[in-house]
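Engineer: Below, each chain spelled out in residue letters.
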Amino acid sequence: MEPRNGDKPHLPPPSLWPVGFAIGIACTLVGLVVSFPIGFGIGVAITVVFGFLWVRDVTRDYATPPPAPEHHPEPAAEPAPAIPASHGEAALPEPTPEELSTMPRSKFLEGATLGLGAVIGGAVTLPAAGLMILPAFVGQEQDEVDVGPLGNFAEGEWTIVTFLIDPEIGEVSRRTAYVRYNGLLEGKPSFTAVSNRCVHLGCPVQPSGLVQDEKQKKEKGAKGEEIRVIPVEGLSAFGCPCHGGAYDTEGNRTAGPPVRALDRYTFSIRNGRLHLGKTYSVSEVESQGAQALIKRYRLAGPGQHVDGIEKVLYPIQPPGR
Amino acid sequence: MARARSARREQIEKLALYPIDWLEERSGLVGGLKYFLLRKVPRDTNWFHTLGSATLTAFLVQAVTGVFLAMFYKPDPDKAYESIQHITNDVTLGWLVRGMHRWGASVFIILMFFHMARVFLFGAYKYPRELNWIIGVLLLALGMFEGFTGYLLPWDNTAYWATVVGININGTAPFLGPFIAQILTGGAEIGSETISRFYALHMLALPGAMFALIGLHLYLVIRLGVSSPPWSAEAAGAERAEPEPTGRAGLVSPGPRGAVGRPDA
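So the protein lines, in turn, are chains P and Y.
When we follow the working numbering, the leftmost residue of the first sequence carries the number 1, and every step to the right adds one.
When we follow the working numbering, the leftmost residue of the second sequence carries the number 1, and every step to the right adds one.
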């Protein structure tokens with residue numbers, strides 16, 4: 001296995017045979033598909049012939065006996081030592097100290113490489129980072145959802161309303177509101193529409209009352225999605241199963257870790273139908289039902305204070321929300 | 001001795017070594033591997049020193065099983081749960097690979113903590129190994145983040161609500177909290193953006209970062225050597241050529257230990 005020429009790497013001379021070998025392989029594959037026996041056979045023949053020639057070429061070093069070491073005639077005389085570059089006849093004049101102190105070409109090239117690299121890196125990174133971050137903040141406004149005719153909501157009674165805020169995404173966007181019709185206030189219908197998102201850490205709060213699944217009414221949404229309206233009898237409080245947060249029927253915190261009252265939905269009534277809109281945060285609610293005085297704030301995440309000194313300091317609201 | 005070997009045997013040996021020599025001459029990889037594997041360690045290392053390799057093995061198991069799970073998993077809110085059911089119930093040996101990944105995740109986290117405890121109790125984080133401790137802490141954080149992002153992927157009720165709570169805990173962090181929470185969620189509410197984003201982090205970004213940091217971690221282990229236990233008379237990473245200092249065994253550590261090239265420590 002060892003090459004005959006000692007520790008020098010095995011470097012066969014350039015060879016054209018591989019070209020023929022490659023053509024042979026191509027003929028074989030084409031022949032396999034196009035004309036099985038004949039074209040394929042020709043291809044195999046070309047491959048074998050040129051393969052043999054190639055191998056013979058490459059292994060010539062092994063096949064032939066090593067050439068006898070050539071006798072190099074002694075050089076007639078010791079050649080004169082090379083002149084050091086700094087002492088030879090200079091193609092250019094020696095640089096003066098002032099010239100040396102200015103920015104040398106290597107420094108310039110180094111800076112240019114780094115600078116260009118930074119520009120290219122930034123040009124690639126910025127849009128990519130934007131793609132990751134921006135969609136989370138822009139276009140998050142949600143449309144109002146039609147949740148059915150006013151007749152579905154009896155005065156003074158609670159209902160569980162579930163609907164899709166984005167039917168395009170599907171069931172994962174299903175949201176729940178606890179809705180109570182409070183009767184007329186100054187001639188207009190008044191509703192209490194509480195979000196089921198616990199303001200501790202976002203689990204779904206549950207109603208404390210008798211959920212009457214058999215009286216469930218189903219409505220069709222704008223995109224044909226299902227909206228469910230389920231009456232609840234004797235709803236007296238809300239409770240969260242995750243960490244024991246408890247709220248009264250106005251959404252005020254009565255026990256547990258939540259830091260404020262439950263969020264609420266804005267609502268509007270059009271063509272005799274109730275529409276639920278955006279959610280907003282509430283620090284607390286005074287009084288009850290139609291007379292309730294709601295201390296309203298911009299929507300904040302669960303666990304975030306909306307009143308007191310924290311309101312000023314924190315949270316900083318992300319744009320587009 | 002050479003005479004005693006038959007010429008045939010010598011020929012076979014040459015034949016076997018030829019590809020190794022070929023590789024070594026062109027890459028130096030063989031020497032590198034020898035340097036990596038056949039290095040000096042203190043005489044009194046014990047089984048606790050294997051916790052790091054155990055953690056690495058657990059990570060590799062996660063990486064390999066994760067690749068196979070990714071061939072069947074669909075990060076889509078409508079299909080994720082079904083695809084997990086499909087892997088568990090229908091795919092041949094799917095239950096096994098998913099089980100390895102699911103339980104192996106816990107094994108990996110537990111081993112990381114055991115490894116960290118060993119390093120802490122042996123004082124192996126001290127000079128000159130502080131940087132390796134810091135890299136280890138980063139690996140721990142990335143490992144926990146892997147656990148958090150992976151927990152959502154089964155897309156059942158536990159996964160969904162645990163992630164809701166986890167992201168909202170993030171949201172209560174001072175100043176940057178709400179931003180981070182919203183970036184993690186990919187919008188105002190958890191939905192299809194969240195699951196695909198968690199999937200990408202879980203299988204691409206985090207493992208890539210962890211592979212890089214593990215490489216750095218191992219490089220530093222090799223460069224600095226394995227530290228000896230606190231009761232050892234032998235200085236960690238010291239060359240063995242020097243005579244052992246005597247009369248030190250059993251004493252309270254007499255000075256800085258584990259310094260490279262300080263045989264007297």
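Be aware that a few hints might be false.
Unchecked claim - Simulated crosslink set (DSSO-like; lysine-lysine; CA at most 30 Å straight-line):
1. K217/P <-> K107/P
2. K218/P <-> K188/P
3. K223/P <-> K14/Y
4. K14/Y <-> K8/P
5. K107/P <-> K188/P
6. K14/Y <-> K218/P
Simulated from the structure, these hints should not be mistaken for lab results.
Engineer: Starting from the hint list further up, note which numbers the structure goes against and sort them upward.
Structural biologist: 1, 3, 5, 6
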